[in-house]
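Number of protein chains: 2
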Amino acid sequence: MRAAIGTENRTLTTLDHSALELSEIRHMTDAALDEFLDRKSLTAASHQMLELVETLRGFLSSGGKRIRPVMCLCGWYAAGGKETPRPVVKAAASLELFHACALIHDDVMDNSDARRGRLTLHRLLAERHRRRDPPGNAERFGTNAAILLGDLALAWSDEMFHTAGLSPAQVQAALPMLDAMRSEVMFGQYLDLLGTGRPTGDVGEALMASRFKTAKYTVERPLHIGAALAGSGPAIRDALTAYALPVGEAFQLRDDLLGVFGDSRQTGKPVDDDLREGKCTVLMALAVARADAAQLRVLRSLVGCSDLDAEEADAIRDVLVSTGARSVVDQMITSRCRRALGVLDRAPFPLPATNALRRLAHSASVRTS
Amino acid sequence: MRAAIGTENRTLTTLDHSALELSEIRHMTDAALDEFLDRKSLTAASHQMLELVETLRGFLSSGGKRIRPVMCLCGWYAAGGKETPRPVVKAAASLELFHACALIHDDVMDNSDARRGRLTLHRLLAERHRRRDPPGNAERFGTNAAILLGDLALAWSDEMFHTAGLSPAQVQAALPMLDAMRSEVMFGQYLDLLGTGRPTGDVGEALMASRFKTAKYTVERPLHIGAALAGSGPAIRDALTAYALPVGEAFQLRDDLLGVFGDSRQTGKPVDDDLREGKCTVLMALAVARADAAQLRVLRSLVGCSDLDAEEADAIRDVLVSTGARSVVDQMITSRCRRALGVLDRAPFPLPATNALRRLAHSASVRTS
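So the protein lines, in turn, are chains A and B.
Reading the first sequence from the start, the letters are residues 447 to 815 in our numbering.
Reading the second sequence from the start, the letters are residues 447 to 815 in our numbering.
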């Protein structure tokens, strides 16, 4: 059952500071997560507890870009952090455990079948339960065990953070950012829930949701946490925010486009789930706001239908294109990335950090998965 | 919407150390929770965030015995803590926020309609959503918003703990206990899930689940946290464990009896839900283990049926009585309480703490709600 997280199981090494290789950061993150879960395996009170640990390890090893740990370490370097001390890597990696909770619960809430091209965790747990033929309803077991495992990942992210070996001053500086991150993402998710169902043309609400659930959660706060660990002041923090919010919004806008126009073989998510859910994305809000009467009828009658077929999904896509919503979103992504790159031109960050952030901004605008 | 937690909205005061009034501890806990949520209200980014805060306040103010904060403060006094400093009260109260997560998610997992004689949180949220006539499916909204609000309560319990104003030494001493508590309860809940469905006669598994999900979570670890805050050593901690495990098991065994034989007007929970769920309690495992062929047929065919009617529930109850399972559980409660009281006779705790723990052990054995 034991499978190391990441393709290579490297031990923690220090980064070559002149290069700031993002793939190296990902390896360090995975090694730290493996080490944390190894300790949990060793101290497991019984085979059932071991099963929980290894299920979580399996989920973490099934993929993911480690974007929050990467941002956290970029924040560390941006604020002048030297080398990459193990405690800082562990603190950064703890964000991935928090994110595991967010993803696992998100999949339960969306009732999704697939993530990263594999079964979602609640489906996997249901399947495993069914094969064992124990008592009870397998679907329900899967959902409930996934809720619990998400809670455990949340509690463990906190444990991983505060057992990382940071100095009291580092903990003191980073905790308010971590607290803000956790509240903000829950709030963003709540806004998302409130908007889900029938499409509305409220672009402002959709942007606010994307700002909280993605821009602040995925980019701004991880950068702030890393910078706080390096002892940064408000000037660095403000520059990071000025970069983070446009990049994070671009990231979510690209995600919204991929959810509707992307190739599910690349995204790893089922086709058209966003349309069936009736997710109130900026893309959809723009289409509703710009639609004529006939286009509006298509959106109102089809978006949010749980039994949407391929032809109906195509009809929605036609409206997203013909209203110009798709190209407006494309322009929004481009202008946000440009704004973020402009911030980097003036930002007081060391060059390796600036270069890494530049690459990340670029990947937000062009990614396909 | 704003409703203060608890029936009286007192400010934090120091306890009269000679008396150790449990009701006073509950008032202090509620005041600390109110104060924390007041700060969250004041800093809410929008009316939707405010809504989340006040929904959580409403849930907390709907009742509950505050048993974990009470145990935490008993641990503090047992280990020689003087007065009741505000940071210690806040740390104790943070356990109630964690427990809010556990209850909210538990009700989602059990698909329960009522708690404390009111709608469960996911039902309340669904109802509210339905009245507003927004887009989407109200039931699903309720479930998903409750999952999120549970996550938020978990994150905030941690925030409340680390912003309580404890000294670094106190934080250092208490965090391992808090970490253990969080992992243990998730593990206990997972054992519970694994056993739910068809009844089995595995009394050992049922006892292990009750030990993790209740005895350690509700009694032992809160006592340890309070004692750690007071700077206790291993002797005090071991004495607390010797008291806590039997009391906690008695507490869960009483809960199992109330779930089947209790008066739902007093318990606030719907009648016969435990039987419909097929909860694998010690009571049920004992009945299965002691049943003859005819009794076993009754249990196997009825326990875990979601459409169980009153007559069928009575048939199960008859078997629980006629196999002697009910009276064995009663004896187990009595012997565990006696064991815990015996520990108190020899324990090195100050008298007010010993007296409070004695009262708590007694209430575990005789409570009706």
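Calculated directly from the structure, the hints in this document are not laboratory data.
Glycine included, each C-beta is placed from N, C-alpha and C at the ideal position.
Worth double-checking, as some hints may not be accurate.
To be verified - Selected chain B positions facing chain A (Cβ under 8 Å, derived; list incomplete):
| hint | residue |
| --- | --- |
| 1 | M555 |
| 2 | F587 |
| 3 | D755 |
Claimed, not checked - Selected chain A positions facing chain B (in silico; Cβ < 10 Å):
| hint | residue |
| --- | --- |
| 4 | A490 |
| 5 | F544 |
| 6 | A548 |
| 7 | L549 |
| 8 | N583 |
| 9 | L598 |
| 10 | L600 |
| 11 | W602 |
| 12 | H608 |
| 13 | L624 |
| 14 | R628 |
| 15 | E630 |
| 16 | L637 |
| 17 | L703 |
| 18 | F707 |
Unchecked claim - Okay, the calculated bits of chain A under chain B, using three or more residues with CB under 8 Å as the criterion:
| hint | region |
| --- | --- |
| 19 | 491-504 |
| 20 | 550-557 |
| 21 | 661-672 |
| 22 | 785-792 |
Hint-by-hint comparison with the structure:
no.: 1; hint: M555; result: holds, 4 Å
no.: 2; hint: F587; result: holds, 6 Å
no.: 3; hint: D755; result: violated, 20 Å
no.: 4; hint: A490; result: holds, 9 Å
no.: 5; hint: F544; result: holds, 9 Å
no.: 6; hint: A548; result: holds, 8 Å
no.: 7; hint: L549; result: violated, 12 Å
no.: 8; hint: N583; result: holds, 7 Å
no.: 9; hint: L598; result: holds, 4 Å
no.: 10; hint: L600; result: holds, 6 Å
no.: 11; hint: W602; result: holds, 8 Å
no.: 12; hint: H608; result: holds, 6 Å
no.: 13; hint: L624; result: holds, 9 Å
no.: 14; hint: R628; result: holds, 4 Å
no.: 15; hint: E630; result: holds, 8 Å
no.: 16; hint: L637; result: holds, 6 Å
no.: 17; hint: L703; result: violated, 22 Å
no.: 18; hint: F707; result: violated, 23 Å
no.: 19; hint: 491-504; result: holds (count 5)
no.: 20; hint: 550-557; result: holds (count 3)
no.: 21; hint: 661-672; result: violated (count 0)
no.: 22; hint: 785-792; result: violated (count 0)
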